[in-house]
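Undergrad: Based on the sequences and whatever the hints tell you, model everything.
Each chain, written out:
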Amino acid sequence: MSLFEYAPAPESRSVVDIAPSYGLFIDGAFVPASASGSVFKTVNPASEEVLAEVASAGVEDVDRAVAAARRAFGPWSALPGAERAKYLFRIARIVQERARELAVLESLDNGKPIKESRDVDVPLVAAHFFYYAGWADKLKYAGFGPDPRPLGVAAQVIPWNFPLLMLAWKIAPALAAGNTVVLKPAETTPLSALFFADICQQAELPPGVVNIITGAGETGRALVEHPDVNKVAFTGSTEVGRQIARSVAGTRKRLTLELGGKAANIVFDDAPIDQAVEGIVNGIFFNQGHVCCAGSRLLVQESAYDTVLAALKRRMATLRVGDPLDKNTDVGAINSAAQLARIRELSEIGAEEGAERWSPPCELPSQGYWFAPTIFTGVTQAHRIAREEIFGPVLSVLTFRTPDEAIEKANNTPYGLSAGIWTEKGSLMLAMADKLRAGVVWANTFNKFDPTSPFGGYKESGYGREGGRHGLEAYLA
Amino acid sequence: MPFMTATATSGLPDVSGSAFNLRSFLHGLPGVDKVGVEARAAALGTRSVKTTAKAAAIDLAIRMVDLTTLEGADTPGKVRALSAKALRPDPADPSCPSVAAICVYPAMVPVAAEVLAGSGVHLASVATAFPSGQAPLEVKLADTRDAVAGGADEIDMVISRGAFLSGRYDFVFDEIVAVKQACGSAHLKVILETGELGTYDNVRRASWLAMHAGADFIKTSTGKVPVAATLPVTLVMLEAVRDFRAQTGRQVGVKPAGGIRTTKDAIKYLVLINETVGTDWLDPDWFRFGASSLLNDLLMQRTKLTTGHYAGPDYFTLD
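Chains Z and Y, in that order, are what the protein sequence lines are.
At position 314 of the first sequence the residue is numbered 314 (my numbering), and the sequence of numbers has no breaks.
At position 239 of the second sequence the residue is numbered 239 (my numbering), and the sequence of numbers has no breaks.
Computed spacing ranges between beta-carbons, pair by pair:
#1 Y:A42 - Z:P20: 35 to 41 Å
#2 Y:T307 - Z:E345: 52 to 58 Å
#3 Y:G28 - Z:D17: 57 to 63 Å
If you only want the chain Z side, here are some residues facing chain Y, beta carbon under 8 Å, derived:
#4 E5
#5 A9
#6 G279
In case anyone wonders, no lab produced these hints; they're calculated from the structure.
Computed from a prediction, not measured in an experiment: that's the story for all the values here.
Each residue gets a CB set at the ideal place from its N, CA and C atoms; glycine is no exception.
TA: Laid out in structure tokens, this is it:
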């Protein structure tokens with residue numbers, strides 16, 4: 001026990017009212033699933049408590065949702081951009097007004113710490129809607145021709161790591177450009193999307209412009225394979241991304257994919273060490289490492305290895321793992337039992353392959369899905385934990401000697417979503433950024449997001465960009 | 001004055017054998033990224049410290065206060081009153097701890113010494129041509145000796161920022177060594193005046209310079225320039241004392257001063273200590289707040305926690 005132990009500081013659950021069951025949001029109204037559908041339960045990963053029963057959309061429901069989006073497309077795309085912008089601004093403001101409720105809800109359903117849902121996820125959601133609202137009446141000037149047209153109905157499938165934020169990344173540009181959407185949130189985190197449906201009603205968005213259908217992989221497959229869909233946008237694993245690319249091949253559907261990553265976070269010996277350590281921690285332990293652009297491979301220059309590792313371990317010992325609703329929690333719960341099993345499996349393989357495993361002493365709650373922040377040292381490019389995406393709070397530490405070697409190792413991966421560089425030398429920073437095959441390169445920072453900045457991958461991390469002016473391109477023809 | 005040369009047995013790196021060595025050492029320290037350090041300090045500032053943790057933090061913060069009056073208008077009457085308050089900050093509640101120290105100008109030291117004698121409350125005096133430090137070394141040393149002779153057991157000196165900013169690190173180093181000698185057994189707090197140093201890199205270098213020259217404490221500010229203590233500056237200084245101890249085995253204290261007025265602010269500093277250097281520094285021997293108005297806010301919050309309601313400002317002494 002330390003001399004200065006923070007007393008529990010739980011955020012109140014009473015700000016969010018979760019109904020016992022939820023239907024599908026189709027054509028502006030909540031409806032039960034048809035006979036082809038079913039129901040499933042969503043749980044709080046920190047306690048395994050059931051939060052609500054949610055409808056699982058069957059083929060007929062997908063059909064109804066796509067039909068509703070198709071009907072809405074004509075009038076919605078015919079609205080002047082400034083009118084569409086009004087709805088987006090309204091949604092952004094309602095998100096801000098309901099920020100606390102949405103943050104608590106997200107932490108309950110996802111397991112992420114309240115400080116992250118409160119200070120990162122929800123503010124960025126509002127920022128995305130504000131940003132794309134501004135584009136809605138300026139599409140002619142976005143650089144995609146004198147009269148860019150919307151594509152039609154967009155089928156969007158999003159992951160569980162940033163449920164509401166990924167929804168915003170998908171819906172805001174689609175609507176600004178004049179498309180209508182059918183969105184499927186992840187099976188383990190459907191609630192914030194359903195609350196977003198309520199926000200659409202509150203904003204009096206015309207029925208059918210946004211449709212939310214919940215369900216598992218089969219629902220997603222039915223949606224992306226639906227013949228009346230013009231555009232498919234997917235964020236998730238590379239494996240599912242491949243299946244989607246296959247199913248879309250040969251159709252006229254447009255496709256953007258934002259997939260996995262195995263980012264290198266490169267620390268040179270002249271780095272600002274204390275801030276680099278913060279960046280390493282933020283890179284891999286932010287959101288329990290459930291981040292596609294997580295800095296999961298730490299590349300440290302050998303001449304700074306001892307210093308960086310000692311500082312990193314010292315810092316990791318101060319991470320507070322536990323109740324996601326406690327305002328002082330740094331690392332929350334793993335999102336699902338399945339994900340926890342995957343993290344455990346890869347970590348065991350790491351140890352078996354000879355890497356040295358270390359975690360700070362930390363007590364994990366007995367209920368729920370938990371994994372202590374972990375680093376592996378002595379990792380080489382040949383280890384599976386250096387190649388496969390773990391999508392958990394597990395960092396592989398590798399070393400390099402020269403900038404060229406750092407580039408070679410950083411790029412030696414099938415992925416290419418993000419990378420980080422830590423040095424006080426500007427010329428080195430720019431030279432490295434030039435050679436790194438990654439969609440986002442952060443210099444002396446990590447995991448910084450902004451709606452004005454495009455985000456997306458190279459190689460097996462996907463194609464297309466989200467965010468910024470570039471993000472509009474995926475929704476315009 | 002020859003440079004203090006480190007010996008092999010002291011564990012100190014030979015930073016002061018020459019001006020060149022000193023400069024190389026200070027410029028070889030890892031840089032500080034401004035955006036990163038400010039983000040880290042802001043993030044720690046969001047810690048929620050409530051109920052029992054808050055009560056403990058308030059009492060600790062009171063015990064860490066260097067209750068300060070550094071005005072041209074200071075009189076024996078004012079200093080006596082403040083010293084009495086240092087001993088019993090809350091006359092209505094005997095369970096309220098005393099503050100760490102009184103901090104006054106050298107001329108006021110004998111007055112405070114009389115009141116504080118035998119109490120355990122320390123008596124700090126600013127010296128060395130506070131606050132500018134723009135005086136000949138002999139004047140600074142005489143200032144220091146006078147304060148110690150008058151009864152001060154802690155000396156808060158200022159560094160020559162002009163010399164530091166013009167790169168004459170050896171000059172600054174030698175001054176600190178000389179003042180430390182003049183202090184005798186009194187503890188030496190070295191004021192870096194971070195608001196005039198301009199960059200976090202300079203704060204880190206000045207911290208290491210002062211520690212290697214023998215500082216017992218490093219202190220942010222005089223309180224006489226527009227920018228005084230800030231969380232990120234204090235974070236950089238805490239990192240410096242942490243790394244210095246790891247390298248040399250000697251622990252040095254930290255004192256942010258100026259601009260810390262509320263309990264909420266004070267608790268942010270305690271969180272910073274807790275999560276940067278750990279509990280070894282959560283003690284008045286190793287961390288101080290240079291402040292005047294902070295104390296009454298701490299007392300007000302303390303009363304609120306025990307009674308459940310806020311008492312008006314008239315219930316707290318104005319000294």
